[in-house]
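Protein chains: 2
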Amino acid sequence: MNLWNVELEGYNKNNIKKYETIFVLANGYKGLRGRLEFSKIGNKGNFLAGIFDKGQAQVTEIVNCQDPLGFNIYIDNELVNMEECSVDSFKRVLNMKEAILSAELVVTTKSGKTVEINSERYVSKSNVHRWASKYEITPKNFSGKVFIENYIDGSVTNSSDDVMNRSKHLSIIQAYDIRPGIALETKTIDKKIGIIELTRLIGENSKGNIFKARRYSKLGEKVVEVYETFMREGTTEVIYKYGTTYTDRDTDEELYYSALEELNNFVLQGYETEKSSHSEAWDEVWKDIDIQIQGDDKAQVGIRFNLFQLAASAYEGDEKVSIAAKALHGEGYKGHVFWDTEVFMLPFFIYTRPKVAKALLMYRYNTLDGARENARLSGYRGARFPWEAADDGTEVTPKWGFDYEGNAVRIWTGDEEFHINSDIAFGITEYFRVTCDEGFLINFGVEMLLDTAKFWESRVEYNEEEDRYEINSVIGPDEFHEHVNNNVFTNYLAKWNIEKAIYFKEWLKRKDENKLKILCNQLCVNEEDFEKWVDISKKIYIPKSEDGTIIEQFQGFFDLDYIPITEYDQNSMPIWPKGVKLDRLGDTQLIKQADVVQLMLVLPEEFSYDIKKANYEYYEKRTMHKSSLSPSMYSILGLAVGDTNNAYKYFIKTVYTDLEDNQGNTDFGLHGASTGGSWQSVVFGFAGLSIGLDGNLKLRPWIPSNWDKLCFGVNWRNSKLQFSIYQDVIEVYSTGENSISVNDRIYKISKNSTVVIKK
Amino acid sequence: MNLWNVELEGYNKNNIKKYETIFVLANGYKGLRGRLEFSKIGNKGNFLAGIFDKGQAQVTEIVNCQDPLGFNIYIDNELVNMEECSVDSFKRVLNMKEAILSAELVVTTKSGKTVEINSERYVSKSNVHRWASKYEITPKNFSGKVFIENYIDGSVTNSSDDVMNRSKHLSIIQAYDIRPGIALETKTIDKKIGIIELTRLIGENSKGNIFKARRYSKLGEKVVEVYETFMREGTTEVIYKYGTTYTDRDTDEELYYSALEELNNFVLQGYETEKSSHSEAWDEVWKDIDIQIQGDDKAQVGIRFNLFQLAASAYEGDEKVSIAAKALHGEGYKGHVFWDTEVFMLPFFIYTRPKVAKALLMYRYNTLDGARENARLSGYRGARFPWEAADDGTEVTPKWGFDYEGNAVRIWTGDEEFHINSDIAFGITEYFRVTCDEGFLINFGVEMLLDTAKFWESRVEYNEEEDRYEINSVIGPDEFHEHVNNNVFTNYLAKWNIEKAIYFKEWLKRKDENKLKILCNQLCVNEEDFEKWVDISKKIYIPKSEDGTIIEQFQGFFDLDYIPITEYDQNSMPIWPKGVKLDRLGDTQLIKQADVVQLMLVLPEEFSYDIKKANYEYYEKRTMHKSSLSPSMYSILGLAVGDTNNAYKYFIKTVYTDLEDNQGNTDFGLHGASTGGSWQSVVFGFAGLSIGLDGNLKLRPWIPSNWDKLCFGVNWRNSKLQFSIYQDVIEVYSTGENSISVNDRIYKISKNSTVVIKK
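Here the protein sequences come in this chain order: F and E.
Under full-length UniProt numbering, the residues of the first sequence are numbered 1 to 759, in order.
Under full-length UniProt numbering, the residues of the second sequence are numbered 1 to 759, in order.
Just so you know, the hints here were simulated from the structure itself, not pulled from any lab data.
Computed from a predicted model, the values in this text were never measured in an experiment.
There's no promise every hint is true.
Pairs involving identical chains hold if they fit within one copy or between any two copies, as the list cannot separate such chains.
Here are the simulated PhoX-like cross-link-like pairs (lysine-lysine), alpha carbons at most 20 Å apart as the crow flies [to be verified]:
1. K698 to K578
2. K13 to K110
3. K207 to K759
4. K709 to K612
5. K145 to K207
6. K13 to K113
7. K91 to K720
8. K44 to K110
9. K505 to K145
10. K218 to K54
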C-alpha cells in the first residue's frame, strides 16, 4: 500500500462522478475534474477561481468553463471508450505526493482490437496557467490506423444534472486553429469575462513526429483537431497534450496571444520539465503540510487526501478569490464561499501556509465593499459579509431551495445567518495570533474588525425591560432552527467581535494613530460608537440553563421536543428518529451540526472543562451531523473532554467524508470544511494544540493505541515547529527559541533543537 | 413467433447500430434511424429524401438533419439510460404490419429506482410530414418527481464514425419556443435549403395535463424543453410526442408556419387517429406487396422485412427523389442512387406499386439535365447518367477511396461504369412492358431512351481492323476489374439500349409523330444518327469463348489467373483464397459479383438454358459475392438452371443480408438492392415469373420442400394477379382476363376467377 496514493481499481459506472471529485487536480487557479477522457458518463468540470456568472441561473455561480480535456482514440474509426468497448483492466491512481493523476486501461473494441492506454495528467502548481497530459498507447493485437482527436468543448453547461436548471454561462467568441493546436475563446454572459483554453498535441518517437495527417474543424460549439497515425502491435507511442488557460482576470493583453505565448514556451520547455517544477512545488507544500500517522494506514492515506485537496484548492497569487465550500471540485453550493473557509479551512493555512491564509483574508478585504452594500441594502451599518459569497462580496445565497422532503422552501440563511461576520473576525485575529503579521492588521485587519463591529452595533436590539442587548430572528450554525432569538453562537461571537474591535482599535492607536484616525473617518465611527460597543459587549444576552451548566443554544431551545436518536447507519451516523417530521425539524431539539459545541472550539479558552464536557454530552445526543462540518468538531471537543472512543470514529468519518462519500454528495464537489476539519482533528484534537492564555503554544496530546507515531509541523510566529508524538514520548523540534506547554508543563526549546518529553 | 415482427430481446451494446438500421422507420420522405432514445451510443439519423449538401464532405451527400427524437426521462435528476442504469429487461419490436417500432424496457437507476418504459413510434405513411412517439412510464418502486426532456439536436454531423471526415451540413437558423413545443430550423451549407423540425409533448391522464412546470432553453445547437411531473408507484403515465417536418423542397410558405399548422392539426386529430390512418395506408401497401411463405418462418419473416423496408423507402409523391443504395437508413454510400434502384429494386415496384415505379423513373427524367452535363463535361453527347446520383443528376461518385487493404485508391466507377445508362433504359422498358403506361413513354421514356442511345453513339469506338464497335476502358458490374475492354454486360446492354431507342422511336412515330419531331429537334438527333445506331447494334463486339458457350466477361478475362475458391465462412460465403493479393485482384479471375450472370437475368430471353447453365457454373466458382447485389442473382439464375440447393442458400443469404448483417456493414444502412433482390428471388426465382416472347406472363415455379405454400400478387397491365404455389398445385387468380403460361402450358383466366393447375 502506497501511503501517498488514492487508487481506484476496476471500472464501475456507479462511482464515476464521485471519483471525478476525488481525482480533481487543482492549483487554486484552475480545478479540473478527474474526468476520464474515455467515457461518455460523468460531469465535465473546468473551474477557474473567480469566474462567476449569473446568466439564467438562480444566483451568481462558479462557471463551468469550456472543457479542454477532450481526447479520443479511434482505432480505425472505432471509438475507444468505456461504454462501447469491453474493459479488460482499469486502474486510476492519484499520486498525492507529486499531484499526478494517472490511468492504466486495457480495453477491447467491438471488433476485437485490444489497446493499452497509460495516461497521466497534471495541473501545474509551478505555473498555474499550464496543465498537461501524457498518453502511452500500445496496440496489443493489431497494427493499423489510429486516429487521435483533440477537442475543446464549449457546449458545457452548469447544473447538467439538474435538468430543470441547466444554465449556460458561456457564449462562444472564437475558435482558433493554431496549426498545430486548437483554442476556444468564450465570454461569460453578464460580466463578459473572456476565457480561453489552448491545447496542442505532440506525438514523437525516435523517427520524429508520429502523425501522418491532421484535420481541423469547428463543429458547433466544439473545436476539434484529428490526427491520423499508424501504430504497430506491441509498440508504444507517446502523445503529450499541452494546455494553457487565460482569462480577462489574469491579463490586460489579448487573451489569445497571452495563452499562445504561454503554450509555445510550455511546449519548448517540455512536458517533463514542467512536471518536475510542478512536483518540486508540491514538495515544498508537503514539507509544510504533511501529517504522518504511523501504524494506521487508513488514517494516513485519508489525512493526506484531505491535506492534498485543501492545499490544491488555494492560490496565494490571487487575493481576490477564496476557497469555496466545495473548493474547485464541483458545482455544489455554486462555488460559493461560506464560513467554512475562515472557521474550518483557514486554521490549516494559518499554521502551515500563512501566505495562503493571508490571501484568503485579503479576499474578504477586497470584497468589503460588497459587504458594505449588503449592510446598507438591509438597513444596517458597517460591513455585513455575505453568508454565501462569490466574486464581489454581495450576498448570493439562493432565496429558494428544497427541504428534506423535496418541498420548495424559502432559504433564510442569506437573511439571518449573521455569524459569518464574527467568523471572519475570528479568522483575522487567529491569523494575527499565530503569525504576528502586524502589517496585515494595520492595513487591512483592523478595518474589517471595526466595520464588522459597526455592523453588530446596528444589528443588536436593546430590550429595555431586561436591560440587555438581543439579536433576534437569526440562524446559528445549526440550520434546522430558523428565526430564533439569541442564538448563543451568534451573540457570543458578536460580543467577542466587538471586544476584538475595541482591543485592536487601541492596539492600532499605539501602532499608528494616524491610520486609526483615517479609518475612523472612513468608517464613520467615533468614541460614541466605541462606548456603545463596550455597553453591548457587557449587556448582550447569552442564554444558559438554570444551573448555568448547559448553554441553551438559543432562547427557547430547552422547551422544544427532545427526540432521542436511537439508530445509526452503517457509517455509524444518526438515522432520523421515527416520527420526526422532516419539514418541522425546528420544533425539535434535533440539531443539524455543532453549534454550542462549535462555539467552544472557536473560543476554547472561554469555557471550562466541566462546561465543555456537559455541553458536549448534552448536544452530542441531539446532533444529526447533517453537515460534513460537524463530525470533526465533535472529534476535537470529544478529545478535549476525554471521549476518545467517539473522537476516533468522528475523525475517520471526517477524513473519509469524500473518499467514502459518507454525505452522499461527493459527486458535486469536495467537502472543503471537512478537509480543514480533518487537519484540526489531528492538530487541535489528537495533538491537543492550542494557544494558551499566556500566548504560548500548548500541547495536550492523546493518540489512538494503534498509532505508533503522529508527526506534523506548524508555523509559529517566526519559527517552524515539528511535533512527533509517540505513545509515551513527545518530541518537539523548533527552528527558533520557544516556550511550549506540554500537558501543562512548560518546556523551553532553543533554536534548531528538539526537546524530548516523556509522558 | 409473430411472422410480422422483427424482435430484439436483450440489451447488447455491440448490436446497437445494426438494429438502428433494421429498425428504421421511413415513409420515403423521411427516414428515422431506430435509435433508442435512452442511450448515448449509436448514430443519430434523420434523413430527408432529396436533402443533399457537399459542404466540407468529399462529395455531395445526404444530409443527416437535426435530430428530433431527443427524449430523456430523469427520475429526480437521475438520467434514465442504458449506460448509467442497470437494464432489467429490454425488448424492441418492429411490427412490420403496422409499421410501428416499439420498445419495452425495465431499468434501475444508480440509486435503485426502477422504471418501466413502454414506447412506440411511427413515421406516418398517410402524412409524410408527421411522426410521433408514445411513452408509457411506470415507476415500479418509487413515487416522486420525474423530469421529461424533449429536445431537438442540431449538433448532428455526417460521418460521425469517420473521425477524419466528419462533416457539418447544417447551419442553425433559429430555435423556437412554441409554448408548448420546440422547433429548430437549419439550412444546408451550399444550397441553403431550409429544414425545420417541430415537436410537442402531450402528457395527460384522467385529471388532464400531467405536467407541473416547464422550462425552455436553447443550449448551443440544441433546443430543449423540460417538463416536471410527479409520478406514483405503480401508476402508468402516458406521454405523446408529436413531430412535424418541413423543408424548402416541400413548400414556398415560411417553413415555421407550415410545420406549425401541421403540428397543430396533428395534435388536434390525435396520436391514435394518425396512427390508424398510417396503419391503413400500410394495409394498402401490404395488399400489394406481401409474400407469404408457409412452412418456413425464417424465410417468411425475412422476406417481409425486405418488402417492408423497400416499400418504406419510396414515396410516390415526390418525383425528384429516388431510393439510395442504403435507402433512407444510413449514411452508407452517402445517400447516393446507383443502378441498384433500376435493376434491383424497380422490378418490385413495377410489379406491385407501379405508381412508385413511375416516380422513381421520373427522378431520372427530372435529373436528365445533370446527365447531359456529365456527357458534355466528359466530351460525349446525349445523356450520361451518373454512376452515383444525388439531387441533380450530376456525377457525385467519390474520386478516392480505400482498397481492401486500406490503401488509398482512385475510384474509377464514376469515370468508367457506363452501364448505368442501359440499366435505366432497362427500367423504362420493363416498366412499360408491365404497365403499358404509354403516357409515360411518350412524355418521358422515349426521350431518355433516345438520349442514352445518343450517348452510346458517342461513346463506342470503331475498330477499323476488326470492323467492329468496341467500348474500351470500362468497369462492368464486377468492380474488381477496372479499365477493361469490351465488358460484355456493358456492350450487350449498350446494343440493347440502342435497339430499344430505335424501336421506341418508331413506336412514338406511330403514336405521336409530332412529339418525335420535337424530341429529335431538342435532342439534336436525325436519321444519320439512327442509321449509325443500327450499324453499332449490329457490329458491337461481344466476347465469347472459342466454342461460344462461355461468354468472356471482358476481353482478356480468360487469360487471367484462375484461383479456386475453396473455403467458406460460417455464412457459407467465400473466403479470400490464400495467396490472393487484395490490391491486385484485377490480375485474377475472381469477380466481385454477378456480371455475365447479371446480364442473363436482365435479358433472360436472349440466352438459352444451356448457355445460362454453363455460364452460371463457370462464374459461380469465381464469384466472391463481395456485394450484397450478388447472392440473389445467383439464386435466380440457379433456379433457372436447376441448381435448387444453392438457390435456397443464396436466397436466405439475400433475405438475411441485414437481419444477420452478413456483409458486416448494416450499421451504415439498408442493403436496398438486396431487398429488391429478395423479392426477385421469390418472384423471378422460385415462382419463375418472366415475360414470354409472346408478351404474356410465364410461370415456372419450384419451391423448397419445406414450403407448404408460396403466395404473392403482381400487377400485370390492367389486372391484378394473385399466385398461390403449393408443392403440387398452382392457383392463379386474376382480376382481369389473361393468358398465362405455367410450365410452358398456356392457361386462360377469365375476369375475377382462379385457375388451379396441378403440377
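Hint check against the structure, violated hint numbers in rising order: 1, 3, 4, 7 and 9
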